[in-house]
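2 protein chains.
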Amino acid sequence: MTNTTNYQPFKDLLGDRFTQSPSDRALHGRSESHFDEMPPDGVAYVETVAEVEAIVELCSTYNIPVIGWGTGTSLEAQAAAPLGGISVDFSRMNKVLHIDTDNMLVTVQPGITREALDIELRHTGLFFPVDPGANASIGGMASTRASGTTTVRYGTMRDNVKALQVVPASARAMRTGSRAKKSSAGYDLTSLFVGAEGTLGLITELTLKLHPRPEAVSAGIVAFPDMVNAVDAVIATIQMALPMARIEFVDPDAVRAFNAYSGTSIQERPQLLFELHGTEASVAQDAETFRDICDGFGGEEFQWSSKPDDRKTLWTMRHNAHYAILASRPGSRAIVTDICVPIAKLAQAIRETRDDITQSGIKGPMLGHVGDGNFHTLLLIDPDQPHEKQIAQDLSDRMAHRALALGGTCTGEHGIGLGKKKFMTAEHGDAWAMMGMIKSALDPKNIFNPGKLVP
Amino acid sequence: MTNTTNYQPFKDLLGDRFTQSPSDRALHGRSESHFDEMPPDGVAYVETVAEVEAIVELCSTYNIPVIGWGTGTSLEAQAAAPLGGISVDFSRMNKVLHIDTDNMLVTVQPGITREALDIELRHTGLFFPVDPGANASIGGMASTRASGTTTVRYGTMRDNVKALQVVPASARAMRTGSRAKKSSAGYDLTSLFVGAEGTLGLITELTLKLHPRPEAVSAGIVAFPDMVNAVDAVIATIQMALPMARIEFVDPDAVRAFNAYSGTSIQERPQLLFELHGTEASVAQDAETFRDICDGFGGEEFQWSSKPDDRKTLWTMRHNAHYAILASRPGSRAIVTDICVPIAKLAQAIRETRDDITQSGIKGPMLGHVGDGNFHTLLLIDPDQPHEKQIAQDLSDRMAHRALALGGTCTGEHGIGLGKKKFMTAEHGDAWAMMGMIKSALDPKNIFNPGKLVP
Numbered sequence: 004m005t006n007t008t009n010y011q012p013f014k015d016l017l018g019d020r021f022t023q024s025p026s027d028r029a030l031h032g033r034s035e036s037h038f039d040e041m042p043p044d045g046v047a048y049v050e051t052v053a054e055v056e057a058i059v060e061l062c063s064t065y066n067i068p069v070i071g072w073g074t075g076t077s078l079e080a081q082a083a084a085p086l087g088g089i090s091v092d093f094s095r096m097n098k099v100l101h102i103d104t105d106n107m108l109v110t111v112q113p114g115i116t117r118e119a120l121d122i123e124l125r126h127t128g129l130f131f132p133v134d135p136g137a138n139a140s141i142g143g144m145a146s147t148r149a150s151g152t153t154t155v156r157y158g159t160m161r162d163n164v165k166a167l168q169v170v171p172a173s174a175r176a177m178r179t180g181s182r183a184k185k186s187s188a189g190y191d192l193t194s195l196f197v198g199a200e201g202t203l204g205l206i207t208e209l210t211l212k213l214h215p216r217p218e219a220v221s222a223g224i225v226a227f228p229d230m231v232n233a234v235d236a237v238i239a240t241i242q243m244a245l246p247m248a249r250i251e252f253v254d255p256d257a258v259r260a261f262n263a264y265s266g267t268s269i270q271e272r273p274q275l276l277f278e279l280h281g282t283e284a285s286v287a288q289d290a291e292t293f294r295d296i297c298d299g300f301g302g303e304e305f306q307w308s309s310k311p312d313d314r315k316t317l318w319t320m321r322h323n324a325h326y327a328i329l330a331s332r333p334g335s336r337a338i339v340t341d342i343c344v345p346i347a348k349l350a351q352a353i354r355e356t357r358d359d360i361t362q363s364g365i366k367g368p369m370l371g372h373v374g375d376g377n378f379h380t381l382l383l384i385d386p387d388q389p390h391e392k393q394i395a396q397d398l399s400d401r402m403a404h405r406a407l408a409l410g411g412t413c414t415g416e417h418g419i420g421l422g423k424k425k426f427m428t429a430e431h432g433d434a435w436a437m438m439g440m441i442k443s444a445l446d447p448k449n450i451f452n453p454g455k456l457v458p
Numbered sequence: 004m005t006n007t008t009n010y011q012p013f014k015d016l017l018g019d020r021f022t023q024s025p026s027d028r029a030l031h032g033r034s035e036s037h038f039d040e041m042p043p044d045g046v047a048y049v050e051t052v053a054e055v056e057a058i059v060e061l062c063s064t065y066n067i068p069v070i071g072w073g074t075g076t077s078l079e080a081q082a083a084a085p086l087g088g089i090s091v092d093f094s095r096m097n098k099v100l101h102i103d104t105d106n107m108l109v110t111v112q113p114g115i116t117r118e119a120l121d122i123e124l125r126h127t128g129l130f131f132p133v134d135p136g137a138n139a140s141i142g143g144m145a146s147t148r149a150s151g152t153t154t155v156r157y158g159t160m161r162d163n164v165k166a167l168q169v170v171p172a173s174a175r176a177m178r179t180g181s182r183a184k185k186s187s188a189g190y191d192l193t194s195l196f197v198g199a200e201g202t203l204g205l206i207t208e209l210t211l212k213l214h215p216r217p218e219a220v221s222a223g224i225v226a227f228p229d230m231v232n233a234v235d236a237v238i239a240t241i242q243m244a245l246p247m248a249r250i251e252f253v254d255p256d257a258v259r260a261f262n263a264y265s266g267t268s269i270q271e272r273p274q275l276l277f278e279l280h281g282t283e284a285s286v287a288q289d290a291e292t293f294r295d296i297c298d299g300f301g302g303e304e305f306q307w308s309s310k311p312d313d314r315k316t317l318w319t320m321r322h323n324a325h326y327a328i329l330a331s332r333p334g335s336r337a338i339v340t341d342i343c344v345p346i347a348k349l350a351q352a353i354r355e356t357r358d359d360i361t362q363s364g365i366k367g368p369m370l371g372h373v374g375d376g377n378f379h380t381l382l383l384i385d386p387d388q389p390h391e392k393q394i395a396q397d398l399s400d401r402m403a404h405r406a407l408a409l410g411g412t413c414t415g416e417h418g419i420g421l422g423k424k425k426f427m428t429a430e431h432g433d434a435w436a437m438m439g440m441i442k443s444a445l446d447p448k449n450i451f452n453p454g455k456l457v458p
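Same order as they appear, the protein sequences are chains A and B.
Under this note's numbering, the first residue of the first sequence carries the number 4, and numbering increases by one thereafter.
Under this note's numbering, the first residue of the second sequence carries the number 4, and numbering increases by one thereafter.
Since the hints were derived computationally from the structure, they do not count as laboratory data.
These figures come from a predicted structure and were not determined experimentally.
Nothing false has been slipped in among the hints.
For chains that are exact copies, the list does not tell them apart, and a pair is met inside one copy or across any two.
Straight-line Cα separation of at most 27 Å, DSSO-like style, residue types lysine-lysine; simulated pairs:
#, residue 1, residue 2
1, K424, K366
2, K425, K448
3, K425, K366
4, K348, K98
5, K14, K448
6, K425, K392
Work the whole structure out from these sequences, hints included.
Structure representation (structure tokens):
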């Protein structure tokens, strides 16, 4: 943890795959968000579970922090090293270990990315649905309990991780869960590690649920006179149990940024982007049902298509949202908010947030996974203007407390890391202390990702 | 914990609602399964969360075991009191506290039963789907992570409990989870308490997910030449993502018991019972699709109906299975097994189990939630014949180890309690020890349901 720590045992273990070069350290201390660089003392490019066990053993012996690293796309500095230590880079542990089409399961190493996994699965007729936008690693997605655009239909990482192999403080790999669809055999440790942000151990293997690749997919877009209408249309849709595969809200500021970035010419109005999965007949029928619902709430310019190219254009645009919005203010950085509220409170939460941002004087385009009650604002700040950062932080704080007052959570999918610890007492009360008790019991030396998530 | 324990403080707290009468103690020491009576020292009929807090405080002060009690339908002696102590009977905490139709959530007290909740929800157009057969309490269902016939479509208690209020060792009620559809805000304590069998604290309130009551329901039955064909038809159905709401296997011995108990005349062959939820058009179409699949695997005598009376007859018969099968051997008791395997291994697991039972000389009708890979045998024994109990225990042990060898679990939905602790090392390895570490951290005096689930 100090510069006097002797990292020779790590060099002995990994040779050139352990590095303390300034560039590697800097790379593993950065986040995609607004946090300052917090580099580890060294980076370990692991290739085997045995190496992970050996690293945890060494870190335990010498009281060195150990932090998992996937692709660095987390937004609350989950993979940063505020106390130094070792960043365990899983990018070389990126294999598909076993595809089990009969049971619709796949077992992977943690470093495989979402897009790489999708390619590996293409020949199977199955797919892994969780899609947070970024091409994150599957281990990282599990650790932050990621979700994204398809959650409304397929659930979050909590719902789609069946079993894990983890290396806990014992430095001995162990398994949680089984390949059975369900179990009542004791505490649900899989759910405990999913979302633990690496504070209880390192994930070294994941068994994921797969879903049949839909025979037909349709996607489309519909404009609304204002945001409340759009949200009400979504609530009606969810309550009818229409099986939307994606349903995304974007506000006019976000549309403007998309248009500028992608050369599109979408009307700068509140829009819903949607996708349906099923048979040719069912997606057509569901699209028409959805059109009827939208009509009832003032929806206009309803368009849909089942052509892959049209669909790809739409979702590429949505996936590039983060970069498009950053580009709308050159040189800016974003404080990204992530509140999630019960869906019936969503219109209120969005309206109050919109008004708050307008009054603040800074820009904050808004988009969200409205089917889940989850939305983001990208509060754009000039990093050289401390008062802008303060305004954005204050906005973000008020948003979190607004979500809690409405029965929601300060983070739907980005996690706690360093950035959201300040809301944990308000959100959880005694339950946050209980999280700390679990952390202390399972990681008594506090080597796993210290400083994050728990008190 | 001994007869010298002074229970006066409990009498002072609850008056007549604390009782040490032999009949009340005996009632709260029984299970529906094969376990001997293990009565508590006293029974507390609680009415408020404050009373639960006070009881936990007293039990903590005097080191007295404290065990939650719902309806006593658990099958692994989860609610028995092997070390004495207080049975906290939640039957008077049985209210619906808040129905939130907009967010499709309901908040209830733990003592409400599944059927009572269903009645309370009828006017809403929504329903709570988890159906373990028995008219269990919702608190008990959460504590054992129950599931049942509808899990193939709607999931288990893990998937349908959104948030909890629990009284942990601090004796201070706390909340886990929120009303938002998803969250990444720290460890998933809700999932930790669901399935913990009361070993970490007492559940005093539950917020549950509701689902739209289907516009149309169809149900039916189809016979197969042998069990393997029936199971293969189910696997094909699941892999097509046909949205079965229930899909249950019963073997010829179970059919014979149903016929004798209910006066029906179903063919004594392997049968699948199924249900579909949707619109009139979709359930008709799905039933025909399912018929086509079954035809391909030798299905015969396919019948289905969307009439409520026909459906009720079918599922009443299935719900009475436990009692029908017990009645097939008067005076018998049952050791009920509950293994769950990856669905592609199900035919193998059932076939090997069937052969093993046949060779054992005792009867063991078989039925199961085949869409989940989960099935039960009711091993019928004469309680006065110790060698029969031994044969059944040995069968049950072999079944559990067979499930583990196939990548499954020793219990799909009944839980661990006292009966299945012996399989925990084989199933979980180091993970069982980790469960013990969590238990010790959260309940250092080991007052909550001692002797169950953890090492």
